[in-house]
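Spelled out from the first residue to the last, the chains are:
4 protein chains.
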Amino acid sequence: MDLRQEVRAFARTHLLDGPADLATRTAAWHAAGLANWWLPVEHGGRGLSLRDGVDVVDELAYADAGFAFSSLVGVIGSTLVSLYGDDRLRADVLGDLGREGGFFATAVTERDVGSELDRLRTTAVPKGDTVVVTGEKLFSTNADSARYLLVVARHEAGADDHPHVAVVVPRDADGVVVSEPWRTTGLTGSPVHRVTLADCAVPAGNVLDGHGLRLLEVGLNASRVLIAATAVGMARRVRDLCLDFAAGRRLRDGVLGKHPLFADKMAQVEIEIETMRSQCRTAADDFDAVRADPDAARRFARRGALKSALVAKVFCGQAGWRVAGTGSEVFGGLGYTDEVPIGALVRDLRHVSLVEGGEDVLRDVVYRRFTAPRVRRA
Amino acid sequence: MDLRQEVRAFARTHLLDGPADLATRTAAWHAAGLANWWLPVEHGGRGLSLRDGVDVVDELAYADAGFAFSSLVGVIGSTLVSLYGDDRLRADVLGDLGREGGFFATAVTERDVGSELDRLRTTAVPKGDTVVVTGEKLFSTNADSARYLLVVARHEAGADDHPHVAVVVPRDADGVVVSEPWRTTGLTGSPVHRVTLADCAVPAGNVLDGHGLRLLEVGLNASRVLIAATAVGMARRVRDLCLDFAAGRRLRDGVLGKHPLFADKMAQVEIEIETMRSQCRTAADDFDAVRADPDAARRFARRGALKSALVAKVFCGQAGWRVAGTGSEVFGGLGYTDEVPIGALVRDLRHVSLVEGGEDVLRDVVYRRFTAPRVRRA
Amino acid sequence: MDLRQEVRAFARTHLLDGPADLATRTAAWHAAGLANWWLPVEHGGRGLSLRDGVDVVDELAYADAGFAFSSLVGVIGSTLVSLYGDDRLRADVLGDLGREGGFFATAVTERDVGSELDRLRTTAVPKGDTVVVTGEKLFSTNADSARYLLVVARHEAGADDHPHVAVVVPRDADGVVVSEPWRTTGLTGSPVHRVTLADCAVPAGNVLDGHGLRLLEVGLNASRVLIAATAVGMARRVRDLCLDFAAGRRLRDGVLGKHPLFADKMAQVEIEIETMRSQCRTAADDFDAVRADPDAARRFARRGALKSALVAKVFCGQAGWRVAGTGSEVFGGLGYTDEVPIGALVRDLRHVSLVEGGEDVLRDVVYRRFTAPRVRRA
Amino acid sequence: MDLRQEVRAFARTHLLDGPADLATRTAAWHAAGLANWWLPVEHGGRGLSLRDGVDVVDELAYADAGFAFSSLVGVIGSTLVSLYGDDRLRADVLGDLGREGGFFATAVTERDVGSELDRLRTTAVPKGDTVVVTGEKLFSTNADSARYLLVVARHEAGADDHPHVAVVVPRDADGVVVSEPWRTTGLTGSPVHRVTLADCAVPAGNVLDGHGLRLLEVGLNASRVLIAATAVGMARRVRDLCLDFAAGRRLRDGVLGKHPLFADKMAQVEIEIETMRSQCRTAADDFDAVRADPDAARRFARRGALKSALVAKVFCGQAGWRVAGTGSEVFGGLGYTDEVPIGALVRDLRHVSLVEGGEDVLRDVVYRRFTAPRVRRA
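Chains as they are written, first to last, in my numbering: chain G, 1 to 378; chain H, 1 to 378; chain E, 1 to 378; chain Z, 1 to 378.
One or more hints might be untrue.
[Said to hold, decoys possible] Subject to a maximum C-alpha distance of 20 Å in a straight line, what follows is the list of computed EDC-like cross-link-like pairs (lysine to aspartate or glutamate):
# : chain 1 : residue 1 : chain 2 : residue 2
1 : G       : K258      : H       : D240
2 : G       : K127      : G       : E100
3 : G       : K258      : Z       : D364
[Stated by the list, open to error] If you want the footprint, here are the derived chain E segments under chain H, 3+ residues with CB under 8 Å:
# : segment
4 : 73–85
5 : 239–247
6 : 254–265
7 : 371–378
Keep in mind the hints are simulated off the structure, nothing from the lab.
Since we're looking at a predicted model, the values are computed, not measured.
Cβ atoms here follow ideal geometry from the backbone N, Cα and C, with glycine treated the same way.
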């Protein structure tokens, strides 16, 4: 059984047909040996590439994009600990996640900061052999049930123009308070919390090596590609729901599924799916190529955001949203009720464009880094 | 105080700030003298034109599209009783609505029928001086709390090629059973029900004069224009929410509201609003011109669906959906939570394209009636 | 015979079937009593409203958008002379145009100025009872064969913050040199020239009363609505060409014209046509309402650009371009050759978005004037 | 020097700066060793994969899409001779092309046939050890100066349900008459002819082995991917033209190139470029994987059109057209003149959607082959 089939079987049993609570699903996912699938084998993980991860997420999101999202966000913290943590931290954190299969949440955004992360106000102050982290973070997925939080904070050891660091804060550290989850438009299976950090002391070695915002860019390369991949899975689900519906829907002398206008729309959906997937895979290959380099940590830090990952995120947000519109047209008024899951898919698909950098923000990065400088144009 | 200001004042007091339950709102709307605003003055109504109705609905939908929709759907039944009912029915039904301000629901669609209304199976069988109506109807807005239902059913007195009639069924007639409302994607203030009619006997005079499906087209001209107008109000709300947010959102050295990219998006939203409104008004004027003719009943029956009304519905569905996308981008991740109402507006805007004829269905009518025949092209 | 029929008959005889040279066409247009159709009856014109003008241009552009454009641009200069010229200038210029039927060209843009018209460098220097105009103007339609040019230039009598005036320069004034026309992408029937003004002395009374750039905005209200109307005519032509082609094109067991996918596309084209026309008419009505006011000159000067005119121009550019894409798809490879005129229509339709203010420029005006200020929002 | 650099150097010398006639360019292209770059080394070619071909075409189209298109269309005939010709034909035709570098044109379409190729009426009648080909073909690129034509014709040896074969006809065979080229909307460097075949006798061995329409599908896999790749090159050219223009265009206090709205548009163009390229490369890899199989001829014949190639063609037509619109907006009125080449690029980009199967036709294939059958969905 290949990887896709393995994940598909899991998704059918535990997501489409099983109980919806995140803890049960997460336990089953760990039992299947797939939690944090990117963790190196030496730390008890499956050691899958980002390219494999695209397939994993595609299959999960076909069944439930909320679970897919909860499962993938840990790739940021894990990747950064793996690349920029010292041996002790790597062994502790990655080993623990490998054994226990828990979540590694990210806690970055703050109120009124938006995309200008250089304005983050949370602080990390050295005190003896610890750093003390204080601040309030918004929109941290999985934070409540996570084992670790990756926190970006100002640090006096930071350079003048790079004052931020990335710190690993255990969820159960003193001073960590996690709010009730927000009510969100979609992705109901994926809880998003506010996190308050009040004088949380963690070992100084929990501070990753490098500029915090730059490291964050490195980690987001992986998560953005995987978020893009959720759109592939959801778009496939929309397609299949539409085709199943149309096969049984009488229209004139035949069925909707044979009607040229329906066929044309579904073919365009197929085209969106295929191009989204090509871009996700291209971007994953780019990431994996750098990751495979023995000098990956430095190369990633030098490059920051990868163009193909930015493009995958923006493009899949756009193409996925087109598919959402088509799908909801197919079901008409019926699709506006909860008799069919198309309404939920429309809401879930919206998420792709909005999370981890909106379109405008990512296009701004694309232009400044890759379009305006003639030498970087391809 | 002009009409728009009057409705705006009501909306602020009773929709934006008041309790959300439909009964309370409806009572206040009636107390304001605006329930069923199209009813002739002789029957206790305001006698407003469809052109005025566009403004009423625009202002209501700005505050709450669900209430706007519940308030407008009665225009179908009322218009048809007014044009095609006999004197007794007109006096009874319209007079009652004028006095009491209740709802006139429409019960047309059936399971697996979709847009092919000639396949409707509900029957209206003459029995003495009554007709007995039997069948099951889906998606009837306001049905539970309505005073009347407009039901389309097969009738043996119908022509071979026009077997359907339109019948007015009092909500409290024996045999009418209304289900719990569906859970819907949006428009939460507007309950949609399944209606079962089991041997409901109503006076024979409750059958309107004419082919039922043709009459339905006549009535839909009014409701489609008003549904289109809900998109204008919602789009204006999206615009204003975005502008308020942007005025206080720091970005670089200034605020988002001064940023050229934001300005460009909002100007495009303004363009959508202006063109939607122009089309709604044009279509309403077309309708009102026929309505003002002493021979309106026959002229409407001959023309059926008006092109400008079909266009208003399709176009506002499309333009409104573009505005929804823009609005949700502006708020980013914040807009995915319930801290701001943009998510609800996106869901509500979806409704415009889906209800009372999807885009494909209406375009099919446009092509067959107005594009393919050379003489009808403008 | 109503106005549309009159213009349609002209277009069939002189544009679709007649010789293509502009001078012959222009003479026939004058002979038909329609040259400068907006001129007041007292000056020998037809005195048509802008609302009528929309129909005129729609019909002309159906046959030839180049001729339509050449015929309409004079509305700027004529309107401004009518509103802001003194009695002598009005009698001379409008009377002459009424008798002779010639062109009134506009010469505004300069190299490297783009949309920032406050950077225009052409000068108008008082000398005795004349002003002497010097500078170089780009993109002046009809300049070579025109009788008058409306020139915007800096003037020492201008206010510090409004240094520009609008001056009427006869085409045959000493010092006016007109270049060969540009080769343009489309609109081949409408020549565009560079104009050099070298110490052109004109009577001081040829300077219009008011800030030149503000007056220009007033005049552009009329021409922008009429340019928008060219898109309506061209889109109707695309539709009819497609329908004629499809009626004779075998496809499977029938003809293309009966195929649901073709029908759907054409219905969407119909929807674009209808909404474009509604917006053009709405904008024309707005303009005509101000024009009918005895105090029109002051009211226009106070308001400058009208929102509905800006919207008509941007929207028709967008909708027309969508129609162009659809039309060219229908003809496929055949449409890429000169066997059918669809290629020319695609090129002509592009013009609507590019001339007299691109989309970005107009959206910027819309935002600053009508969206950002809360009191001006509708 | 790698392949892209090699082609770029050629393009700069011979396309951007050199004489425009096709014969001179073709000779230089052959002298550079790049004519028919896909030909196997054993036949004197470069033996490049389709993946390499994507890069070649991208670079050529950056400079001149007409030359790119003329250079690539021979891939259809060459590929089919290579896979389905006998040893003699392979040696003769491919060896000749390898030595001489000439064109291999395709002559398929006929008047009024459109996409329904099973209605092709040209005949291939066996006579002794020859077949005699008779018919009239439209839209054959390079036909006049080609060395060979690939002709699809009905053949009595064809199966009842597959009556067509593919035949190689030398350009200089008796009875071949090539018309003057059409005037086309764009792609001026690439002449398109009508070809009349009057009793053209060619050796029976010139008939390829297999169903003609199926083989055509196989060949089109290669050319469609390469046509898609022309859109990548043209889009990059549009981008670079815009950036060069914007760098020198004053706007407010800075230059257009620094304006956020311009940046946002260009970043979206970059996103289109990147996704187009990913899809072209994915499709080329799919093709190359089959091509590398020893059993490629049979595998290709069994599969016919590849999904990824169909998707590349449709998607790049759509994305390229979006880029065309953006580019022409950037230049405004200036871009409507021949001072800048953007107008020509817009016209050339249109070609991608129209040639070798319009969007509707290809979507129909996608739906029937890859979307409707559940087992083929990915």
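Against the structure, the hints:
For the hint linking G/K258 to H/D240, the alpha-carbon distance of about 44 Å lies beyond 20 Å, and the restraint is violated. Taking the CA atoms of G/K127 and G/E100, the gap is near 30 Å; set against the 20 Å cutoff, the hint is violated. Between G/K258 and Z/D364, the direct Cα distance comes to roughly 11 Å. Compliance with the 20 Å bound is thereby established for this hinted pair. Interface restraint, the segment 73–85 of chain E with chain H: violated (0 residues with C-beta to C-beta distance below 8 Å; minimum three).
With a threshold of 8 Å between beta carbons, the proposed coverage of the segment 239–247 of chain E by chain H holds, since 3 of its residues qualify and at least three are required. With 4 residues carrying a beta carbon less than 8 Å from a beta carbon of chain H, the segment 254–265 of chain E meets the three-residue requirement, and the given coverage holds. Counting residues of the segment 371–378 of chain E whose beta carbon lies closer than 8 Å to any beta carbon of chain H gives 5, which meets the minimum of three for the stated coverage.
Comparing the model with each earlier hint shows violations of hints 1, 2 and 4; every other hint is respected.
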